[in-house]
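A.B. asks: If you read the sequences in order, they're chains A and B. Be aware that the first sequence starts at 1, since it is given in my numbering, and climbs by one per residue. Be aware that the second sequence starts at 1001, since it is given in my numbering, and climbs by one per residue.
Keep in mind that the hints were calculated from the coordinates and are not lab data. Predicted model only: the values in this text are computed from it and were never measured. The beta-carbon is built from N, C-alpha and C at its ideal position, and this holds for glycine as well. Where hints are given, some of them may not hold.
[Stated by the list, open to error] What follows is a list of derived Cβ distance ranges for each label pair:
#1 A:G56 <-> B:T1285: 16 to 24 Å
#2 B:T1246 <-> A:Q23: 29 to 37 Å
#3 A:P91 <-> B:V1156: 30 to 38 Å
#4 A:I67 <-> B:T1285: 25 to 33 Å
#5 A:N79 <-> B:A1033: 42 to 50 Å
#6 A:M55 <-> B:G1045: 31 to 39 Å
#7 A:N72 <-> B:T1244: 51 to 59 Å
#8 B:T1285 <-> A:R63: 17 to 25 Å
#9 B:V1156 <-> A:G56: 25 to 33 Å
#10 A:R63 <-> B:I1262: 30 to 38 Å
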Amino acid sequence: MQVTNEMINNLAHLSRLNFNEEQTQSIKADLEKMIAFVEQLNEVNTTGVEPLLHMGDAVNVLREDEIKGSINRNEALLNASDTDGVFFKVPKVIKK
Amino acid sequence: MSGKYEAVIGLEVHAQLQTLSKLFCGDSTTFGAEPNTHVSAITLGHPGTLPKTNKLAIEYAIKMGIACNCEIELHNYFARKNYFYPDLPKGYQISQHTTPICKNGYITITTSVEEKNILLNRIHLEEDAGKSIHDIYEDATCVDLNRAGTPLIEIVTEPCLQNSDEAYQYLTELRKLVRWIEICDGNMEEGSLRCDANISIRLKGEKKLGTRVEVKNLNSIRNVKKAIDFEIERMINVVESGGTITQQTKSFDTATDTTFAIRDKEEANDYRYFADPDLAPFHLTENFIQQIQSSLPALPQQLIKSLQEKYLLSEYDAKQLCDDKVTVNYFFATASENKNYKAIANWLIGPIKQYLNDEGTSFENIFLQPKILAALIQIIDEGKINFSVAATKLLPVLMKENIEPLVLAESLNLIQVSNVADIDIWVNEVITAMPDKVAEYKKGKKGLIGLFVGEVKKRSKGKADPKLVTTLLEEKLK
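The task is simple: from the sequences and hints, build the whole structure.
C.D. replies: So, in structure tokens, the structure goes:
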């Protein structure tokens, strides 16, 4: 499959990443290789085969409706990049 | 609405399921807790964690599907809907994309014009996001993840509603239903029920749908109605003045009853859905669905029918009683003690509801026992007391104290006088006291009978049997 600059830009936007021109070319080459590798699967005839969505056979792994397993706030905020001890703080999302 | 156009409206409602714990982990779902205290590694989206689906949430979704006449999907799995937002810790929302647990179905509404089935496209399970708070700091947004992972069902209609009145009735009916089957508390202020409205207009007769505007996160049924009315009028004005409607995502401003754009150009959404590899699919059996069906209470539509057919109530009374489950159950409890069904309905819809409203409470907290109400109706039917005295003098006491109505009526000296000799005295007094009015009556102003009856009522302190009074008066004034 042909990977275009446009596709790279779109993927970068969706992933909230920024690439300069050099990086774009390098990522493009990498992606083309990866896609070519996976495309080998196209050689297999899958007519009439249901898509395999899950790798295991497990079904109905359910839990009862019980409250358990919560951690406290200090623990929850331990890995926050910014916090005031109550909330996770992030860059302003909307402008008033 | 201008006669040339018609509106096409579709509604998406998110209903929070009233499970104790979240959809994929054991954090509490209680509203109003201290920020970031109902969280776990799973809620926070830490790597290496393993979510596990809450069985009760699945059951609740199925209940709603059955109550809405849906087909239930037997083979289900969850998908990841990928997008970035700070209150979505994992970077994806777990939802059901290709296999909604409930498909098709409908909810019946009654508008001022007709009875109509509002068609549903789907009901699916998904998790809620956290909450962003924008007004604490100038330069930062605060995130509270207590709500993240709370189970929701999203109920999506076909674009088949035609005006704000239908939307209003649909949401009222939907809210009643989720409360009736006890899967959601229906509290719109706390966000347990949230509505997005997709609105477009087109020329009458046109088959193609017009460009739509989506108004997000409407938090009351009245606001949904107002937002729809505002948008329809705005769109017609745009088209009439030669403009084109642009696709927008909007929000509703409750201060001005208008909508404003939050996203102007709709970016082509690319959520890159795929089956969540951490969650095993869940398969349902017909037997399991059958069990859930048999656990459902009788639904309002069925009860409205049965109240008309078996209890011979009017459609109006039946619908009033079925406003909520507690009221109609109260009716049934009273009806097992007294066969005067019409009177029971009148009491519940009339004075008792009025009393509860005035006290700012509801049938859920009623003190009066059904058997006391049954006894009250019985002494009225036996002619021991009349309705209006019972409603004004006895009811206020009975709503607070557990006492036999007959005993209460006796102690308050309110037992109706039904013997002719006693009533005759009051009737004669009134006739003597009002010679002018009597003369007018005799000349043909028959409406004055009400005045005389009222006067007797006053003199008897409400104890004279009004029917007997009327008969006696009519005889004497011939």
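A.B. asks: Each hint: holds or not?
C.D. replies: A quick look at each hint next to the structure:
no.: 1; hint: A:G56 <-> B:T1285: 16 to 24 Å; result: 20 Å, holds
no.: 2; hint: B:T1246 <-> A:Q23: 29 to 37 Å; result: 35 Å, holds
no.: 3; hint: A:P91 <-> B:V1156: 30 to 38 Å; result: 33 Å, holds
no.: 4; hint: A:I67 <-> B:T1285: 25 to 33 Å; result: 28 Å, holds
no.: 5; hint: A:N79 <-> B:A1033: 42 to 50 Å; result: 21 Å, violated
no.: 6; hint: A:M55 <-> B:G1045: 31 to 39 Å; result: 21 Å, violated
no.: 7; hint: A:N72 <-> B:T1244: 51 to 59 Å; result: 54 Å, holds
no.: 8; hint: B:T1285 <-> A:R63: 17 to 25 Å; result: 19 Å, holds
no.: 9; hint: B:V1156 <-> A:G56: 25 to 33 Å; result: 31 Å, holds
no.: 10; hint: A:R63 <-> B:I1262: 30 to 38 Å; result: 37 Å, holds
The structure fails hints 5, 6 (numbered hints given earlier, in ascending order).
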